[in-house]
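Visitor: Given next are the chains, with one letter for each unit.
2 protein chains.
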Amino acid sequence: MFWKGLFAGTVGTEAPAGVAEHEVLITEWTTPKGERLPIYFSTTREIDVYALEALCDAVGWAKRPLRKVRKALACSFLVGSLWLEKQPQRRLIGFARATSDHAFNATIWDVVIHPEFQGKGLGKALMRQMIRELRQQEISNITLFADPHVVSFYEELGFHADPEGIKGMFWYPS
Amino acid sequence: MFWKGLFAGTVGTEAPAGVAEHEVLITEWTTPKGERLPIYFSTTREIDVYALEALCDAVGWAKRPLRKVRKALACSFLVGSLWLEKQPQRRLIGFARATSDHAFNATIWDVVIHPEFQGKGLGKALMRQMIRELRQQEISNITLFADPHVVSFYEELGFHADPEGIKGMFWYPS
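As given, the protein sequences belong to chains A and B, one line each in that order.
So the first sequence is numbered by our numbering: it starts at 1 and just counts up by one.
So the second sequence is numbered by our numbering: it starts at 1 and just counts up by one.
Everything hinted at is true.
Capping the alpha-carbon separation at 27 Å, the derived lysine-lysine pairs in BS3-like fashion look like this:
id, chain 1, residue 1, chain 2, residue 2
1, B, K63, B, K124
2, B, K71, A, K71
3, B, K71, A, K68
4, A, K71, B, K68
Derived by calculation from the structure, the hints in this document are not laboratory data.
Can you build the whole structure from these sequences, using the hints too?
Guide: As structure tokens, this is what we get:
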């Protein structure tokens, strides 16, 4: 049981109801009203596509057909999510997923933290969990495509841009 | 039936024995002895991992555990291969595969043409078939990571390096 906080104090020795044993306590979050609520990382919780698209909408991403979002979730190798727990409810506040060949390579897509929860290290904590999970699955080549303004964020996590001159490339119809 | 050559003459109206209808005739190849043999692209032929690793070895790639190669093939979204047909035999002379979320993104890996068959446009023909297949599956974002010496090869196929400043990044253990 990953029962200690990763960059904050622990919240006790018992998981709240509905939290699975393998889920990771990331931190305690203090609300504007002074409540302290745990935030968990999970790779197994079902993602409501409406909640996910609301999260993506909150950071200004373009809307996507829900049929395709469902398929992408089902066919991703790893789906990681961050949840603010306020029993009996939980709120999806962060998300990332990875495609993979299940053997050598993984590519991480759609990394998002809700704006209310940004700037407190949750993005890094989410990514560290993604990397840990992929490494546990013996994936040696973890890759992603980073927008210019988040390159330094990923560098702090151990990602290198264009190592040995390798270029990320995208195809466009001519 | 894709029954015409893509950058060469056709070889008739009947597929050779063992060639499936959906397979694509890429070109005719003239051997040193003057024999003309068809080269086919397939997405469905079973790949012998020993033949694949021999192909990768021929271009100097590092050896990989066959167990992981088998898993990577099974878990790739698209596996494309080029075959030189000399009835009743066929020889694997080119290969590429793609990981994907089956919805939005695909990443192409392990693009290889046997050295004997390089420099004649087969790499481009293979990649065009890969792109065509991914587009038919409604994959809008086709990506790859290119070594410096093949960036211009992929540019000629419609790939752009670092579009809008997006950087390809690889994770390294610290």
